[in-house]
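**Student:** Given the coordinates of chain R, assemble chain U onto it according to the supplied hints.
There are 2 protein chains.
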Amino acid sequence: MPKTSPIQLTPVGVVRSDIKRPMLTAGESGLSLDERKDSIKAYHRRVKASECELVIDPQWEELLDGIEGFSHILVLYWPHLIDPEQRKLRKVHPMGRKDLPRQGIFATCSPARPNPVLVSAVPLVNRKNNILTVKGFEAVDGSPIIDVKPYSKSYLQVENLIMPAWMEQIHREVEDS
Amino acid sequence: MPKTSPIQLTPVGVVRSDIKRPMLTAGESGLSLDERKDSIKAYHRRVKASECELVIDPQWEELLDGIEGFSHILVLYWPHLIDPEQRKLRKVHPMGRKDLPRQGIFATCSPARPNPVLVSAVPLVNRKNNILTVKGFEAVDGSPIIDVKPYSKSYLQVENLIMPAWMEQIHREVEDS
Numbered sequence: 006m007p008k009t010s011p012i013q014l015t016p017v018g019v020v021r022s023d024i025k026r027p028m029l030t031a032g033e034s035g036l037s038l039d040e041r042k043d044s045i046k047a048y049h050r051r052v053k054a055s056e057c058e059l060v061i062d063p064q065w066e067e068l069l070d071g072i073e074g075f076s077h078i079l080v081l082y083w084p085h086l087i088d089p090e091q092r093k094l095r096k097v098h099p100m101g102r103k104d105l106p107r108q109g110i111f112a113t114c115s116p117a118r119p120n121p122v123l124v125s126a127v128p129l130v131n132r133k134n135n136i137l138t139v140k141g142f143e144a145v146d147g148s149p150i151i152d153v154k155p156y157s158k159s160y161l162q163v164e165n166l167i168m169p170a171w172m173e174q175i176h177r178e179v180e181d182s
Numbered sequence: 006m007p008k009t010s011p012i013q014l015t016p017v018g019v020v021r022s023d024i025k026r027p028m029l030t031a032g033e034s035g036l037s038l039d040e041r042k043d044s045i046k047a048y049h050r051r052v053k054a055s056e057c058e059l060v061i062d063p064q065w066e067e068l069l070d071g072i073e074g075f076s077h078i079l080v081l082y083w084p085h086l087i088d089p090e091q092r093k094l095r096k097v098h099p100m101g102r103k104d105l106p107r108q109g110i111f112a113t114c115s116p117a118r119p120n121p122v123l124v125s126a127v128p129l130v131n132r133k134n135n136i137l138t139v140k141g142f143e144a145v146d147g148s149p150i151i152d153v154k155p156y157s158k159s160y161l162q163v164e165n166l167i168m169p170a171w172m173e174q175i176h177r178e179v180e181d182s
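Chains as they are written, first to last, in our numbering: chain R, 6 to 182; chain U, 6 to 182.
What the hints contain is simulated information worked out from the structure, not anything from laboratory work. Check the hints yourself; a few may be wrong.
The list treats identical chains as interchangeable, and a pair is accepted whether it falls inside one copy or across any two copies.
[Stated by the list, open to error] Lysine-lysine pairs mimicking DSS-like chemistry, simulated, CA-CA at most 30 Å apart:
no., residue 1, residue 2
1, K133, K42
2, K140, K42
3, K133, K96
4, K53, K25
If we strip away everything but chain R, and leave its shape as in the complex, we get (with noise of 0.2 Å):
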């Protein structure tokens, strides 16, 4: 294993939204099973109806020129709340459901990693100046944002995606039937 430098990034911006606190820390008081899947549900549907705004620092600005014919980003962005220690985790019970079989950390979105880079493909609603509307980003209130990018097909889109059962149980769970 060739050893490998730290490597170090500097925030290009911040996000600007109305959710306050991650949506695991939100259904975690005391709920049942079936109390937590509703409130996750209507928690993912608000979601995807809000929007937020990506504020870049203006010293970037001239960087987002020519976003605004993209229809989707990526949008690369730091957990600010996970503890450091979290970042030790090696494996969880997927959304912290112990009804699922736990799963290594790479093999799950657990924002608790040891690089914690979180990545999420959202509609941009427009750009004015330095600021970015999108629409259905799950990203919390002052979440640092790494990088902005547009939707590339050749580098995100896949055919024939294949899940594990319990991936699959999640995603029927959270979208609305």
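**Tutor:** Just chain U now, kept in the frame of chain R:
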């Protein structure tokens, strides 16, 4: 603009690939535009068909448990051959092509960007202990791996994608017809 602190990442692995230098470097030796297009198309075809390895640091091996259940994964990696000076670029001709209008860096997939964390969704061919074999992954040999995630429909799939004309053109020219 609230001040945000720098973020430190420690690579979790390294790419082992037959690709020894980036495509655009390879294509820039006094070729005509048509010759470059042909060269890029051939390069793209070769990459799509080839396999390479993601060698995860053995200390993180357990975090991969369960990833075998996914047909596709998302890889976040660092283009280590990028000169730090290039991270200050503001606008570029996409893929270095003077025939396409200059775009802000955030509107392109250029690896030269303030925080060059590159993202690619690729088919997972197999896992053996701490080594993942993937297909069609464009990273150069030796690239540090920042994160590996399952391909999640809810975070990565979009509907009714619209791209600007210049990117449609690149896609048309790179894909085999």
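**Student:** Within a copy, between copies, both or neither: which one fits K140 and K42 at a CA-CA cutoff of 30 Å?
**Tutor:** Close inside one copy (23 Å), not across copies (36 Å); limit 30 Å.
**Student:** Regarding K53 and K25, is the shortest C-alpha distance of 30 Å or less found within a copy, between copies, in both, or in neither?
**Tutor:** within (15 Å within a copy, 41 Å between copies)
**Student:** Evaluate K133 and K42 at a C-alpha cut-off of 30 Å and name the case that applies: within, between, both or neither.
**Tutor:** Neither: 37 Å inside a copy, 35 Å across copies.
**Student:** Is it within, between, both or neither when you check K133 against K96 at 30 Å Cα-Cα?
**Tutor:** Answer is between: at 18 Å across copies they meet the 30 Å cutoff, but 42 Å inside does not.
Consistency with the previously given hints fails for number 1 only.
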